[in-house]
Amino acid sequence: MSAENARSRDLVHTWPHLVYRELCALLAASVVLWIVSLLVDAPLEELANATLTPNPAKAPWYFLGLQELLVYFDPWIAGVAIPGLIILGLAAIPYLDPGEDGSRRRFALSVYLGGLALWFVLIFIGTYCRGPNWAWYWPWEDQTVIKPTLPLTRALSPAIGWPAVLIYLGGGLLAPRLIWRDFFARLGIVRYLTVMGLLLLMIAVPLKIALRLAFNVKYVLTTPWFNV
Amino acid sequence: MGQQLRGRASLWRRTRDRVLASQLWRSVIRHGYPDENRNRILVIISNIFLHLHPARVKRHGVKLRYTWCMGGLSAFLFFVLTVTGVLLMFYYVPDTRRAYQDMKDLEHAVLFGKLMRNMHRWAAHAMVVTVILHMTRVFLTGSYRPPREFNWVIGVGLLVLTLLLSFTGYLLPWDQLAMWAITVGTNMAEATPFLGAAGPFHELLGITKHNDIRFALLGGTIVDQNALLRFYVLHCIALPLIGAVLMAVHFWRVRKDGGISGPHGKLPKL
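Those sequence lines, one after another, are chains A and G.
Under my numbering, the first residue of the first sequence carries the number 1, and numbering increases by one thereafter.
Under my numbering, the first residue of the second sequence carries the number 1001, and numbering increases by one thereafter.
If we strip away everything but chain G, and leave its shape as in the complex, we get:
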């Protein structure tokens, strides 16, 4: 029995070493199996995705009770939303005459359409929650302190962007829920001081219903075709692009500002 296991183990090892030494494998991954220190470092620094991380991290930085893993999960949910969102885009046309029918088709006619839509919807809600939890964790650990102040500001920008992404997506199904939630939301923009037709001091700038900030959001005075197109383009192109850029800055600065912060209470006075 023991001998058989040893035989299997050595068969596995021989096969593995063969594969790892082959020209095909080495053309993709140039280092050996990461079971010793040199290769463990190489696996991180020779991979464009993994090298978001340093090769070695502070011991507390891998602890779930310190990070809550919420920043990573927010980024992961953004990735899930991108994939499911692109799949939904194959079937959805932002035209008020057919958008709702496209939703019905997604639910009843498209293979896995309903699953894709459900995943997109619940991941979006989950992302709002994980981003808020991530912000709370960073606050509780005092990680916004020097030299990480500006990365916190970038993070606040990402929080706003998350809410805007979710809000613009809310209109797309073109059902009653969508139309009236966006009507309620954009009516608030009408109340902006100076820039909204119902806000205080709007007369000073000659603002009316037809040139105020709500009109700019909706492309009209009511939620209709122009609003649907604007929200669609913002939701699928503009906001995700801005989000991707801000995320790149956010992650890069985590590294440049000294890696993961120390546990609260142990920070040096700078």
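Excised from the complex, chain A in its bound form:
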């Protein structure tokens, strides 16, 4: 008999054990929502005016992480490719997880929680640390003081860019295969490539941010069709 079957014998009546908990949660949520709504008013600014652009114009908070990424990536990456990959990657999780328990989940947990943390750090920066011209303002800084525009950025030459990208992707795909053979064996080739591909793309986001902040790199790779 499996562990879950053994547990399923350990049943309680839905009424009252679950129903009253749900009722309590629902009432508590209602009270909190009601009090917050009495105390804090929803924002309503001036009438919409297409000729008066606010500076900065910000997306709703849950998209501010993506808007923050516009500093580091072209719009098709920040606004389309990255959110698209996040959604696909999330949906693929059950098909990529080899189904291990306990401490062997450390990898899965760090990837998920790391991604979630990155998402909320970017939202925090976009919400509280960005002012006019999307310049960096600490939350306590006066946003009426306009900061000078950022220094010019540069693109790496293709002679550096291509090898850098190929080494990153190639090394990133090969190294875990050679170091953690067990990990590769558990996943199989297709899942391994998908997991590592998505993971390398995710890690590339903070890497690119670091390159931009430390060395002012706008593009790692320039091609005639698009720049990354």
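Because the hints were derived from the structure by calculation, they are not lab data.
Some hints could be false.
Unchecked claim - Below 25 Å or equal to it, Euclidean Cα-Cα: the simulated DSS-like pairs (lysine-lysine) are:
hint, chain 1, residue 1, chain 2, residue 2
1, A, Lys147, A, Lys218
2, A, Lys58, A, Lys147
3, A, Lys147, A, Lys208
4, G, Lys1063, A, Lys58
5, G, Lys1256, A, Lys58
As the list claims (entries may be wrong) - Label-pair distances were calculated between CB atoms; the ranges are:
hint, chain 1, residue 1, chain 2, residue 2, range
6, G, Asp1105, A, Asp142, 32 to 38 Å
7, A, Leu39, G, Gly1007, 29 to 35 Å
8, G, Leu1241, A, Val31, 26 to 32 Å
9, A, Thr153, G, Asn1211, 31 to 37 Å
10, A, Ile125, G, Phe1112, 57 to 63 Å
11, G, Arg1016, A, Leu11, 25 to 31 Å
12, A, Val145, G, Pro1146, 34 to 40 Å
13, G, Val1086, A, Val31, 50 to 56 Å
14, A, Cys24, G, Leu1005, 23 to 29 Å
15, A, Asp142, G, Val1086, 54 to 60 Å
Predicted model only: the values in this text are computed from it and were never measured.
A virtual CB, placed ideally from N, CA and C, is assigned to each residue, including glycine.
We have chain A already, so just place chain G on it with the hints.
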């Protein structure tokens, strides 16, 4: 004193039994008071709403520290948003010439209008948070594993839908905040590869500002009347309907895939 209490208790019991035995009560609820096992099961399985639940659940499945209650609260917030949203619809017209004035009226002239609007707004933000927390709980407990993989995928769909619902609602007040947030958001759509006028490879399909994906979203090249109407219809009709269908599938599959998952670490290898 004790006798008086006993008298009151028996008065309560007699009244209760009388009501429960009456024709009127029994026409609605056919079983007795749920203080013994048979009636506790009947109260769940003979009620269309309660029978989303099984009559009995795994002991750990009622624990707050296991479920965080976030899935249930997300569904509840969707319900709150539907009720407050319908009330707001009585007073709001998606016309650029009067939408903003309708918001002002809601704030200052409509009885409880401001409360309704505040509740709608904060419940919407809260729902984004509870849905993300629910997803995190399901991830941490490993509950997306077989046989529940596809229900996780449905859940990801519901997460996207929650964000889209919130985003489409953001435009409706027709103030500066609304217009420019939606301008920023939809400008990103313009950058879609192949399908957006500013995206890479758009020339291949003959995409311009006037036939790209942003134009389809806004019904034009700028955020104006057509965009307001599109967002309104999506927000009040299309997206909630899709959400309701996906939620029905999501809840139904929780039951069909074996009820609430086991605590992490105790899952069988299938």
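Tested hints:
no.: 1; hint: A:Lys147 with A:Lys218; verdict: 20 Å, holds
no.: 2; hint: A:Lys58 with A:Lys147; verdict: 18 Å, holds
no.: 3; hint: A:Lys147 with A:Lys208; verdict: 24 Å, holds
no.: 4; hint: G:Lys1063 with A:Lys58; verdict: 40 Å, violated
no.: 5; hint: G:Lys1256 with A:Lys58; verdict: 43 Å, violated
no.: 6; hint: G:Asp1105 with A:Asp142: 32 to 38 Å; verdict: 36 Å, holds
no.: 7; hint: A:Leu39 with G:Gly1007: 29 to 35 Å; verdict: 46 Å, violated
no.: 8; hint: G:Leu1241 with A:Val31: 26 to 32 Å; verdict: 30 Å, holds
no.: 9; hint: A:Thr153 with G:Asn1211: 31 to 37 Å; verdict: 33 Å, holds
no.: 10; hint: A:Ile125 with G:Phe1112: 57 to 63 Å; verdict: 37 Å, violated
no.: 11; hint: G:Arg1016 with A:Leu11: 25 to 31 Å; verdict: 28 Å, holds
no.: 12; hint: A:Val145 with G:Pro1146: 34 to 40 Å; verdict: 57 Å, violated
no.: 13; hint: G:Val1086 with A:Val31: 50 to 56 Å; verdict: 22 Å, violated
no.: 14; hint: A:Cys24 with G:Leu1005: 23 to 29 Å; verdict: 27 Å, holds
no.: 15; hint: A:Asp142 with G:Val1086: 54 to 60 Å; verdict: 43 Å, violated
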